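Residue numbers (full-length UniProt numbering), protein chains in the order written: chain L, 1 to 236; chain D, 1 to 248.
In short, the hints are calculated from the structure, not lab data. You may find that some hints are simply not true.
[Said to hold, decoys possible] Only some residues are given here: those of chain L computed to face chain D with a beta carbon under 10 Å:
| hint | residue |
| --- | --- |
| 1 | Gln-12 |
| 2 | Ile-83 |
| 3 | Asp-91 |
| 4 | Asp-92 |
| 5 | Gly-93 |
| 6 | Val-94 |
| 7 | Tyr-101 |
| 8 | Gly-102 |
| 9 | Leu-108 |
| 10 | Asn-130 |
Owing to the predicted nature of the structure, the values given are computational and were not obtained by experimental measurement. Idealized CB from N, CA, C, for every residue including glycine.
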Amino acid sequence: MIFNSEISAQQQHTTSPVVTGGSVIALVYNGGVVIGTDTLCSYGSMAEFKNVEKIAQVSKNTIYVSSGEFSDFQQVVKELAKIDRQALQYDDGVHPSPRDYGNYLARLSYKKRCKINPLYLQNVIAGFHNGERYLALVDIYGTYLESNFVTTGFASYFCKAIISNYWNENCTLEQAKQVIKECFKVLFCRDCRAHDVIQIAYVDEQGTHIEQPERVETKWDFNGFKTRANEKLHTQ
Amino acid sequence: MLKHLYDTDCVTWSPQGKLFQVEYAMEAVKQGSICLGLKSNENVVLCSLKRQPSELAGYQEKQFKIDDHMAIAIAGLTADARVLCKYMRTECLEYKYTYESHHPVGRLVYKVAEKSQHKTQSGAKRPYGVGLLVAGIDPNGVHLFETCPSGNYYEYKCQAIGSRSQAARTYFESWFHLFEKSTLEQLILHGLSAIKKAIMEDEELNEKNVEVGILGKNQKFTHLNAQELRDYIAKLDAFNPNSQIQQE
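Could you build all of it, start to finish, from the sequences and the hints given here?
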């Protein structure tokens with residue numbers, strides 16, 4: 001069994017998340033898969049933790065990110081690390097492939113959903129294995145979908161137009177990163193729970209590369225804002 | 001094997017450091033009819049000789065598919081083999097359900113060995129009286145393992161277990177250096193030739209008493225059907241491993 005039974009006199013179920021992470025955008029490119037997410041964990045509507053590195057490297061060629069309840073994310077990272085450690089126990093050098101992680105997570109999420117006590121997460125698993133790019137979304141219900149691009153949260157609403165206009169599955173890494181940064185610019189303007197500091201990571205043949213967090217450029221010096229501050233506009 | 005002192009149960013060592021119950025269990029494997037396995041870079045072949053309890057009865061099957069990529073051949077107590085077969089199949093199914101991929105072969109053999117060892121360290125239990133030849137293919141390559149009632153397991157290039165298996169192993173010792181690069185057909189013919197060494201003088205190989213199972217990197221486990229067996233057995237007399245050397 002995957003979990004020990006959660007025994008308590010009054011079983012609590014996850015009804016709503018408390019500390020949440022923001023949108024995740026993941027794209028496939030010609031040499032691998034790239035994921036971007038912001039570095040904010042919100043406490044409801046308060047931007048409480050602003051320097052959180054939310055990209056987990058679960059194995060040499062697999063990364064895992066999720067949006068939703070952050071404590072669930074931390075727990076899942078531990079669960080995924082547990083599978084990899086089994087290789088030590090059996091001493092056979094067999095490590096899970098990215099697809100193995102994706103399916104395991106889908107089974108886990110589905111089991112918790114069936115008990116009406118879900119992992120409050122939209123999960124994204126990305127990897128590169130045997131020359132093949134791998135990208136999958138596992139949602140709160142345990143639905144498992146492999147795809148060339150994945151968006152969670154508000155990115156699903158605001159960013160799909162940008163992605164479909166400026167990205168294709170055989171673009172270069174730089175192009176894909178540029179698309180992700182554009183998307184997060186838009187998100188920062190439109191999504192109240194978004195942050196302008198993002199982190200990008202990519203997996204390719206050589207392995208995983210997690211970059212340092214960076215601030216996306218945003219523009220606020222629009223004339224409309226400047227003249228609004230000028231009272232003359234309102235008195236005339 | 002003769003009777004020994006200190007052989008009443010598994011929890012008694014002999015002064016020479018032996019567990020006689022475990023040794024006796026391995027005798028049960030040696031009493032079973034022969035089964036053998038051999039592997040190349042691409043394929044594994046399992047061959048076994050089936051026994052017929054009486055003329056009215058069918059032949060006892062000795063090879064079982066565990067999953068698309070794995071199969072076993074048994075020698076010893078068939079009932080014990082059934083238990084291990086069921087366990088291996090369940091483990092493969094659970095692994096597939098969780099990970100959507102095939103159970104690594106070495107890991108499953110390790111699990112079977114752990115189960116077997118547990119039976120050798122308990123007062124109320126007896127060891128499994130069956131030896132398995134586990135053939136499997138996974139991302140680590142092509143595998144052939146042998147498991148023992150003692151809880152040990154070994155990986156082989158080719159191995160024969162059961163009654164009169166020494167004759168087959170002698171054949172293997174002469175020719176196993178050719179197996180790595182052999183084609184599937186050559187591998188099957190080698191396997192059948194080895195089994196032929198192990199049958200009694202008045203017996204003959206036919207499609208009823210021989211069982212051949214094949215596994216390949218792109219080939220799920222299948223048994224050869226009666227017609228294919230007849231064809232291969234017919235080719236045995238003309239089969240000369242020396243010609244394979246000349247090809248290389």
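Discussion item. Of the numbered hints stated earlier in the document, which are not met by this structure?
Written reply: 1
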